[in-house]
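Chemist: Those sequence lines, one after another, are chains A and B.
Residue numbers are given in our numbering: position 10 of the first sequence equals residue 10, and the series is strictly consecutive.
Residue numbers are given in our numbering: position 37 of the second sequence equals residue 37, and the series is strictly consecutive.
Incorrect hints may have been included.
Unchecked claim - Pairs of lysine-lysine residues, derived as BS3-like cross-links and limited to a Cα-Cα distance of at most 27 Å, are as follows:
no.	chain 1	residue 1	chain 2	residue 2
1	A	Lys55	A	Lys66
2	B	Lys113	A	Lys41
3	A	Lys64	B	Lys69
4	A	Lys14	A	Lys64
5	A	Lys66	B	Lys69
6	A	Lys41	B	Lys101
7	B	Lys52	B	Lys101
8	A	Lys64	A	Lys20
9	A	Lys41	B	Lys3
10	A	Lys66	A	Lys20
11	A	Lys20	B	Lys101
12	B	Lys101	A	Lys55
13	B	Lys101	B	Lys69
Hints are computed from structural coordinates only; laboratory data are not their basis.
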Amino acid sequence: GAVVSQHPSRVICKSGTSVKIECRSLDFQATTMFWYRQFPKQSLMLMATSNEGSKATYEQGVEKDKFLINHASLTLSTLTVTSAHPEDSSFYICSARGGGGARYFGPGTRLTVL
Amino acid sequence: DAKTTQPTSMDCAEGRAANLPCNHSTISGNEYVYWYRQIHSQGPQYIIHGLKNNETNEMASLIITEDRKSSTLILPHATLRDTAVYYCIVRVALGSSNTGKLIFGQGTTLQVKP
């Protein structure tokens, strides 16, 4: 089946630094990818929709200048958390749209900001 | 997308069938019922989807009532590895021309016990 990878799987950083998370579709091309955030004991919250070659579409309440999304190729989307703070600590999950519109999810990235 | 209602949590004995209900009384004629699950600290995994007929695959069965206002996901022989949060999502088809979002509710936490 289609595989989506994320890198890194977990990252710890200091407050004020920026962190980049990569999402790759390994065996298919994805013109559209989605980024979610999940806090402990909560459901996934959609942050933004990323389209290859164009600007991402952000959900209401998500700061586009803080969460920079780049979808430069059909197999890679990146999420950069700029000037991270402890409240940005969360589980970040990407999803890629595959053939027939199916959604494939990555394994997630655990971000801890100290 | 139609709203769904699921019980917060359920228990099931290992080896027995797990029946997870979902209410979607406002479902529209062109909306499908999708089920995903999320094992702890992993990305969501697609299980099954259907429009109005019952569906079965290697993972589960989906039973949709005739009026389509509710459905039940059945895991025929639950194992400990089926312990997860199960999400019922109602939306128009995730077709190849549809770049629409997949919005997650709170889901049902299924605990399979030995």
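Chemist: Against this structure, judge whether each hint is valid.
Modeler: So, going through the hints one by one against the coordinates:
1. A/Lys55 <-> A/Lys66: holds (14 Å)
2. B/Lys113 <-> A/Lys41: holds (20 Å)
3. A/Lys64 <-> B/Lys69: Violated. A/Lys64 to B/Lys69 sits at ~37 Å, over the 27 Å cutoff.
4. A/Lys14 <-> A/Lys64: holds (21 Å)
5. A/Lys66 <-> B/Lys69: violated (40 Å)
6. A/Lys41 <-> B/Lys101: The hint holds at about 22 Å.
7. B/Lys52 <-> B/Lys101: holds (22 Å)
8. A/Lys64 <-> A/Lys20: holds (14 Å)
9. A/Lys41 <-> B/Lys3: holds (21 Å)
10. A/Lys66 <-> A/Lys20: holds (12 Å)
11. A/Lys20 <-> B/Lys101: holds (23 Å)
12. B/Lys101 <-> A/Lys55: holds (16 Å)
13. B/Lys101 <-> B/Lys69: Satisfied, since the Cα-Cα distance of roughly 22 Å is no more than 27 Å.
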